[in-house]
Amino acid sequence: MIALSPFDKALARSRSYHAFSRLFDAGITPETLLYATAIGELRDALPEHQNDDQSAVAHQRLFGFNVFAYESIFLSPDAVLGGSVTERVAQFYQHAGFKDGHGETADHIANELALTAFLCGAEADAWQDGQTGEAARMQAVQRTFLDNHLLCWLPGLRLAIQQQSEPFYATLTSLALEVALDHRADLRNDLLAPAARFTLPAAPSLLSSDRTGLRDIAGWLLTPAHSGIYLSRDDISRLGRQHNLPTGFGSRRIMLTNLLRSAAQFDAVPALLAGVQTLLTRWQAGYVALQESPVASARAIGAIWLERLAETASLLNQLSEAAAVWQDETVAPELQDV
Amino acid sequence: MTNNRVSNLLAAMLKLGPPRDDRPAPDGVTNVAGQALPRFGETELQPQPVEMTTVQHDDGRMSQYPPPELWDDWVEYDGKLWPQKVARRYTLVPTVCFNCESACGLLAYVDKTTLEIRKFEGNPVHPGSRGRNCAKGPATINQTYDPERILYPLKRVGPRGAGQWKRITWDEAVSEIAAKMRASRQQRRDGIVYHVGRPGEDGYTNRVIQAWGVDGHNSHTNICSSGARAGYSFWGGFDRPSPDHAHARVILLISSHLETGHYFNPHAQRIIEGKMAGAKLITFDPRLSNTASMSDVWLPTWPGSESTVLLAIANYLIQNDLYDRDFVRRWVNWEETLAAAENGELPMEDGEWLPPEGRAGNRSARPDFEDFDRLLKTLYAEFTFERAAEESQVPVERIRETARLVANCEGKLATHTWRSASIGNLGGWQVARTLFFLNVLTGSVGNRGGTQANEWNKFVPKPFASPPAFDAWNELHLPHEWPLAFYEMSFLLPHFLEEGRGEIDVYFTRVYNPMWINPDGFMWLKALKDEEKIKCHVALTPTWNESAWFADYVLPMGHAGERHDLMSQETHAGQWIAFRQPVRRVAMERAGRPVRYTWEANPGEVWEENELWVELSLSMDPDGSLGIRRWFDSPYRPGEIITVDEYYRWIFENSVPGLPEAAAAEGLTPLAYMRKYGVFEVTAENYKPFEKRVQGIHTSEQRPIASSASVRVSTPGVQVEVTRQTAGQPAQPADPIDPDLLIDRCGRIVKNGKAVGVLVDGQPMVGFATPSRKLEFYSDTLRRWGWTEKEYLIPWPLQSHVSPENIDRERGEMLLLPNFRLPTLIHTRSANAKWLYEISHKNPVWMNPVDAQRLGVSTGDLIRVTTEIGYFVDKVWITEGIKPGVIAMSHHLGRWRLEENTGVNPGMSNLARLDEDEQGGHTLNILHGARAWNTFDPDTSRVWWEDVGVHQNLTHAVHPDPISGAHCWLQKALNVRKADPGDRHGDVWVDTNASMAVYREWVALTRSAVDHSPDGTRRPLWLKRPLKPVVTAYRLPEHPFGRNSS
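Note that the protein sequences, when read in sequence, are chains A and B.
Read in order, the letters of the first sequence correspond to residues 107 to 444 in the working numbering.
Read in order, the letters of the second sequence correspond to residues -12 to 1033 in the working numbering.
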């Protein structure tokens, strides 16, 4: 293990976050390849015969089509871009004196990593100038951001990307999470006022309403803050393929609604929900692993996600049971969604 | 705690080095100013070791510049990417700073790949600034890439002032505005007004206005320098001083100017040079300014007492025979003065002075200089050090020490006053006059180490053709009440409009923000909103300002690197001319990409006035019937329209002595030379040009010189009895006698009715641009125009409106000094320079601890300052750097906008609300201060300050000096107290009824030409005007405003 001074550590973290940010933002390009090859794990995960066009396609397919790497997608109750979550992140940047410059909204993973790089860089500057007070202040800001933003959804992003067939980005996300957890472990909790406790919005009571339809169920499953999981287009397609059900094309919500309707039509709802349960189990495993982190706040965050996943599992079970009954009778009118 | 995997990763990242700007650089030309931060290309070339041009700064710093021969293709590493060695390739284009009037040289680094500007540095070959620039020059890059700059012509679509705009094309803007101008010009010659702040150029626009044939020039001089201009003009016919600081033994400054305003940089560096060579620095300023703090002697004089102190020093020189008698004898109009004293035109107290025995009533007896010496000793005996100490509230020893220093200056006294006392006080013009009196007494006029006239050191070349003088007189600019004003009564324009003196058809404000910068801003607001009085308002400005908000058209004009102009300034005892250039355009042309109009190369459609004026003028006179169009014909291509290249090419080829030769020596055309260097030194030294011999005249012993004390010097143009010169031997074979030259009885050399020189000790010399061609201690002009009292006719103190007698400190009145400057700001031009605003952005009220204790306030408290017309609320800063009884505020700050997202930059202005009660009451309330905001420039989100100052000028009553026309800036603070409970920082309230009442009080101090003109004219012909009309236009109007037509 290499012992680093506080200055070196802050500097190295700043550069690491910067490299991660650039790779998330631009993918593998001639310019960012420098970073990918400098880190052993990433180097190993690089596609064997990649070229610029293929790299751009892979990046677009993953982040433009499947996994939308925004905090608001993962944490807001409507799972859409912008809104109060994005606004809070932007406010944080403003207070920190940071301007995101990647063309994405403030809560994009590249921007959040760039901010963390910026904060670590400021800390390194402070160490270099002998301003220990300022360094401590920067650490406090880092801690707040990690606890209130990045660490709240980076584990989920990692799990979402791990489901996809992009080993490079899966490795990249794992490394980013590992560095962030390691970073957070180094930050004392008493630097400033305790960080706000992470919470998730209350999930809708789907089964208590007679009017719940397939679209509502699809919406619930596609809202990580409610269901605890993230389903990409590829995930939905895979589920369809596994059960020989068509998904159609379009937005994730259309695809998943189609899938649910097809399942209902072809008496495959319990089987489909079992497939979702399988996915859920992987997510639960991921958050259980997070419970081994030495970082208390990360463990707390993981515990909340586990709680949410348990609720989802329970709901899926209830749906599955109900579906089995309906399957024996007829298709319930309330499931005849369009 | 860190695990191995992370630890290795961190170590790998440390080895990798700092992140580089890895986003792909543009592979071609970009033009992102106003929309994004610039990007720059990378070159495979590597910087080569060369001998750099080194500039040693006075404070010990050293700057190095690429040598001019490499400017066209310069490679250097990108410093921001250090320690990575990323080379960039630039073409270096010289230009001229536009952030004040010093015209310092800049060097723009234009990226060869993208043509974006990397930075502005100093131009080391510029003789004025010499590569040493202040913060405002490099900050041009902020203005260029300012996210809030205006990129396209805009036209209002809602009511005036509602803030609704639409983008229009230049064609639309030109044709619509020109149509209004044409309609106006067809009806009258005073309907178009060009109101300029600091011109930033010499001659181009004046020529255009002259071509339009209208009396349309309006300036900001009356809120800036007219007091000083009047004082200097009455002495010597020149209207600015040009001190030779670098060679002086004593430097005497009446601030606030040099250390905190324009000329700051070229003068400051020479002041330091002078000090390094042993010069003593003396500063008069009630405020401990930067310069005062560096001075050998600081005299914190009570405002308005400066003349008394200066005359006490003069008296010390006179009574002790320490003055330069020979210089005074040769160059002062002492004979005329004695004549005036004898015949009663220079009033004297009983027994104060009598003509020598035997001379009384004997007009044939010749006075001699001893009489004048005796007169001086009598006149000024009352100005003792003790009196000066009492009036100025400065320790007498300090005044005595100052006098001793001045007496020992050995003819090398460099003095300067510009704003401050001369623009602050009623009668402030006498401050300049009494200050220059010290130059005259010490013989420090025009010599090495002394004080020159601006026009000896400023070079303004003539263009290829000059339109004739116009036949018009704009009553809104120079009304009959102020026949001696320097110059247009610009700050009273809204008051004149309110009184119904006229209206304006087309009003151009050019890089000028009258509502914000002038006193009594709510009167301006009224005027600008009144579409009957100002029918069309066109704001030519690079950025939003408070007045542009109330315009009909907002036309984006370029910053320092986006326009053509010629400029020269009196920075020292030499002469130079500098060429401002649109640097992207020049870079494109160097790269072989021709550009027809500068807006094609500038950001968005930002244009320059040079080309706009041509297009407007042509559109105004499409068929040539108005006689305007012909002045825009090319001097090289008859019948075709002139290009900007041709305009300057002609000047450089024909009007700048020595330039064609210098260019030829380098194998360049004169235009190419100026495009390359941006500057040309016309004369390295120009001492005592007034002693230059008049060519074509030869005096002989036989010719009587009919100088007589009984003969009054006449106004030029009115020929008096003359003696034809006799034919003697020419002094030099190359100096043939000019038969048109005559010598009049006053010893003046006259040609075609105009005095062109004067005989001094029998030698024909050029002399000064006064009626007598001498330095006028006694001003017969003032007497003839009704100012017959002694205190006006000779250097003498005038009681200020804020003299101790007029400020009742027992009742809590104080003196508000509202016009000191900060060295890093220039009024409304710097609100778009983020670096400058980070340095200084607030203007608290300076207050002495004695006053603070009396009022019970401490630093940071809110106070309410009540003026004659309203009040403002600001924070207070307690400091011993201000005199007790005086409060002071910088006047750069307090910018505001009315919409959150439009107008002046959110980080540099307050969000404000305007209200009025329909009965004259106006309020400005600040909703919030500066805020960070998101743009493409990350720095805008880093704005950390909120306090951006208070707009105090709104509460200033107008104080037009009856002679100079200057707005006397010093304000009487009727009350200063802790803010009321409801008061908020930045609150302003004004009653415009009170504004008009104060205005009328000051109008009552004037002596109108209608009552006092000696010859039925409006103004002495010899006094300057920015643009002079034909002589017949000087005739007084038949129906002067305010007089019964009967």
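No lab work stands behind these hints: they were computed from the structure.
Remember, predicted model here, so these are calculated numbers, not experimental data.
Among these hints, one or two may not hold up.
Unchecked claim - Pair ranges (Cβ atoms, derived): (1) B:N(-9) - A:A402: 20 to 28 Å; (2) B:P146 - A:Q160: 22 to 30 Å; (3) A:R294 - B:K67: 46 to 54 Å; (4) A:P153 - B:K67: 31 to 39 Å; (5) A:R167 - B:P581: 26 to 34 Å; (6) A:R294 - B:P146: 17 to 25 Å; (7) B:Q33 - A:T384: 18 to 26 Å.
For glycine and all other residues, C-beta sits at the position ideal for the given N, C-alpha and C.
Against the structure, the hints:
1. Evaluation of the 20 to 28 Å hint for B:N(-9) and A:A402 yields a pass: the beta carbon distance comes to about 22 Å.
2. For B:P146 and A:Q160, the Cβ-Cβ distance of about 59 Å falls outside the hinted range of 22 to 30 Å, so the restraint is violated.
3. For A:R294 paired with B:K67, a C-beta distance near 34 Å fails the hint of 46 to 54 Å.
4. Range check, A:P153 to B:K67: Cβ separation about 33 Å, and the 31 to 39 Å hint holds.
5. Between A:R167 and B:P581, the C-beta spacing of about 46 Å breaks the proposed range 26 to 34 Å.
6. A hinted range of 17 to 25 Å is violated for the C-beta pair A:R294 and B:P146, which are about 59 Å apart.
7. Between B:Q33 and A:T384 the CB atoms are about 60 Å apart, so this pair departs from the stated range of 18 to 26 Å.
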